[in-house]
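Each protein sequence line maps, in turn, to chains P and Y.
Position one of the first sequence corresponds to residue 1 (UniProt numbering), numbered consecutively onward.
Position one of the second sequence corresponds to residue 1 (UniProt numbering), numbered consecutively onward.
Hints may contain errors.
Below, in silico cross-link-like pairs of lysine-lysine (BS3-like), each with a Cα-Cα straight-line distance of 30 Å or less [as the list claims (entries may be wrong)]:
hint: 1; chain 1: P; residue 1: Lys277; chain 2: P; residue 2: Lys162
hint: 2; chain 1: Y; residue 1: Lys171; chain 2: P; residue 2: Lys44
hint: 3; chain 1: P; residue 1: Lys4; chain 2: Y; residue 2: Lys171
hint: 4; chain 1: P; residue 1: Lys141; chain 2: P; residue 2: Lys162
hint: 5; chain 1: Y; residue 1: Lys182; chain 2: Y; residue 2: Lys171
Rather than coming from a laboratory, the hints here were simulated on the basis of the structure.
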Amino acid sequence: MLRKLTPYLFVLPLMLFIAVFTYIPIVTSVDLSFRQWDFMSADKPFVGFDNYRVLFRSDAFWNSLWVTTVFAVISVPIRLGLALWFASALTRETFARRILRGALFLPSVTSTVSIAVVFSWVFATDFGMMNGLLGVVGIDKVRWMQNPDLALGVLIFINTWKQLGYDVVIYIAGLQAIPQELYDAAAVDGGKKAHVFRRVTFPLVMPTTYFLLVISVIEAFQVFTLVDVMTRGGPAGATDLLVNRLYQIGFTLFDIGQGSALAVLLFVLLVGLAVFKSRVLGRRVHYEA
Amino acid sequence: MKPDNPILSGLALVAGLLFLSPVLYSIWMSFQTSTAYYTGTVHFTLVNYEVAVGQYNFARYLFNSIIVSGAVTVIGTVFATMAAFAFARFTFPGNNLLFAATVATLMIPSHISLIPNYLTLADAGLLDTYAGLILPAISNGFAAFFLRQYIRGIPRALDEAAYMDGATPMKVLWRVIVPIAKPAILSMGLYIFIGEWNNYIWPLVATSRENLYTLQVGLAHLYRLNPGEGLIDWPLVMAASTISLLPVILGFVLVERHLIRGITMGAVK
Numbered sequence: 001m002l003r004k005l006t007p008y009l010f011v012l013p014l015m016l017f018i019a020v021f022t023y024i025p026i027v028t029s030v031d032l033s034f035r036q037w038d039f040m041s042a043d044k045p046f047v048g049f050d051n052y053r054v055l056f057r058s059d060a061f062w063n064s065l066w067v068t069t070v071f072a073v074i075s076v077p078i079r080l081g082l083a084l085w086f087a088s089a090l091t092r093e094t095f096a097r098r099i100l101r102g103a104l105f106l107p108s109v110t111s112t113v114s115i116a117v118v119f120s121w122v123f124a125t126d127f128g129m130m131n132g133l134l135g136v137v138g139i140d141k142v143r144w145m146q147n148p149d150l151a152l153g154v155l156i157f158i159n160t161w162k163q164l165g166y167d168v169v170i171y172i173a174g175l176q177a178i179p180q181e182l183y184d185a186a187a188v189d190g191g192k193k194a195h196v197f198r199r200v201t202f203p204l205v206m207p208t209t210y211f212l213l214v215i216s217v218i219e220a221f222q223v224f225t226l227v228d229v230m231t232r233g234g235p236a237g238a239t240d241l242l243v244n245r246l247y248q249i250g251f252t253l254f255d256i257g258q259g260s261a262l263a264v265l266l267f268v269l270l271v272g273l274a275v276f277k278s279r280v281l282g283r284r285v286h287y288e289a
Numbered sequence: 001m002k003p004d005n006p007i008l009s010g011l012a013l014v015a016g017l018l019f020l021s022p023v024l025y026s027i028w029m030s031f032q033t034s035t036a037y038y039t040g041t042v043h044f045t046l047v048n049y050e051v052a053v054g055q056y057n058f059a060r061y062l063f064n065s066i067i068v069s070g071a072v073t074v075i076g077t078v079f080a081t082m083a084a085f086a087f088a089r090f091t092f093p094g095n096n097l098l099f100a101a102t103v104a105t106l107m108i109p110s111h112i113s114l115i116p117n118y119l120t121l122a123d124a125g126l127l128d129t130y131a132g133l134i135l136p137a138i139s140n141g142f143a144a145f146f147l148r149q150y151i152r153g154i155p156r157a158l159d160e161a162a163y164m165d166g167a168t169p170m171k172v173l174w175r176v177i178v179p180i181a182k183p184a185i186l187s188m189g190l191y192i193f194i195g196e197w198n199n200y201i202w203p204l205v206a207t208s209r210e211n212l213y214t215l216q217v218g219l220a221h222l223y224r225l226n227p228g229e230g231l232i233d234w235p236l237v238m239a240a241s242t243i244s245l246l247p248v249i250l251g252f253v254l255v256e257r258h259l260i261r262g263i264t265m266g267a268v269k
């Protein structure tokens, strides 16, 4: 009897925490999204799809969805393009390449709050690094974070800077999995560098690209810390990404119903993407075999 | 590792430094007085650290971050290892289902649980406590998944020999599996630690009492206390930022390889 219970005892602690803090909350969120509540009142009346309706009618929600989409659509291709370029240059293990790889990778493990603070200085109007450098070539001070047209771009820049090394490391692993014979064959055929890249490297690293594409889109839809520390969604909603909207609705407006509705939408969107990813990854295993 | 062309090495070093220059400069800046910074002179000082620790309680935040990240790492790693052992070594009804439920957590965006977890901990009276900061972060599906794959690669004959000698499953895990899987377990522990050290949104919502702030929340708070362009005491803010960055940077320098192995194994294989 005890023997049969043994494996359950080993998985119990983990499963208990997963249930309480991951699975039950999904159900709770769905339930709360159909209720009206402000954290305080004793009752939470059922209001059907009202919260969703209010959300869909609010400009702030659509703005936020738009801003997040723009963020993803601009930042992801830049990240992947740069990462593949760096990774191709850094695949072979040498001392110099290790240094550069380490430098690129470091930001991806450091605190986003610190990075947000450091880059707030970089892009500060007065005494900031960027305007200091521009001043040297005679360009007037730019109000980076106060200008709605620039602020999102700055956040994209910082996020790219932070995540690039992660992408590079994954790409390096992907590139190293490509059999050397293919390159040797291409060399025998006298392939030019660009040609080899287009015909050998790029198609064979495609599964890695799919993987990175999907996870970086998922990540782009979850960016919060940079926004909260640097702009709080401003100026004029220009950087109001979805999780910031969720936080504002839930924890500053205390509209739990609407906040939960937004959380449920985000969940559906991201799980959809993740399922898509595992399908693609499934194909990738097939691809290798 | 091949020796390199010294010119190439030099160029790589310069490129790396340039890439990291904002962070490196922020660390340098943290040792300047603010008047020296704004007037462009150089004057090495520790005064910003004294202010951050003395006036702004950063020693307490550091302590909180160590307690919270430490507890999450230790408990999280132990739970993940135990579950991984069961998933890898026992056939029992529900094994596949529970494992699938564990792996599926990787797809679930954590923000769906933000409001419910806040309510759960409020109901339990655990907001503004260490437990409230620690508990929601303990389960780590990725670590359990990763360690299961690793343990499956360890020959079963080793377990069986130990069972022959009358060992209990707990002993087999502790005496056979853990010593062999140590590098993987350490990788995962590190990964959990860094993730928790840098965690921001949960400590932000789960703490309202200042003396429970973690470094990240404390730093964001200090930065906001200094609003208004040009009025910010950048060297002070950078000292606080450095306190939050340095442990991870130092750890990174020591164990970069383990970290890279952890993320690439999860993503590529």
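Pair hint outcome, lysine 277 of chain P versus lysine 162 of chain P [Cα-Cα no greater than 30 Å]
Judged against 30 Å, a Cα distance of about 23 Å means the pair holds.
Taken at face value, is the distance from the CA of lysine 171 of chain Y to the CA of lysine 182 of chain Y at most 30 Å?
holds, 15 Å
Pairwise hint evaluation, lysine 171 of chain Y against lysine 4 of chain P, where the allowed Cα distance is 30 Å at most
The hint holds at about 17 Å.
For lysine 141 of chain P and lysine 162 of chain P, compute the direct alpha-carbon distance and say whether it is at most 30 Å.
Answer holds: lysine 141 of chain P to lysine 162 of chain P is near 25 Å, not above 30 Å.
Between lysine 171 of chain Y and lysine 44 of chain P, does the CA-CA distance stay at or below 30 Å?
Not satisfied, since the Cα-Cα distance of roughly 50 Å exceeds 30 Å.
Violation of the numbered hints given earlier is confined to hint 2; every other hint is satisfied by the structure.
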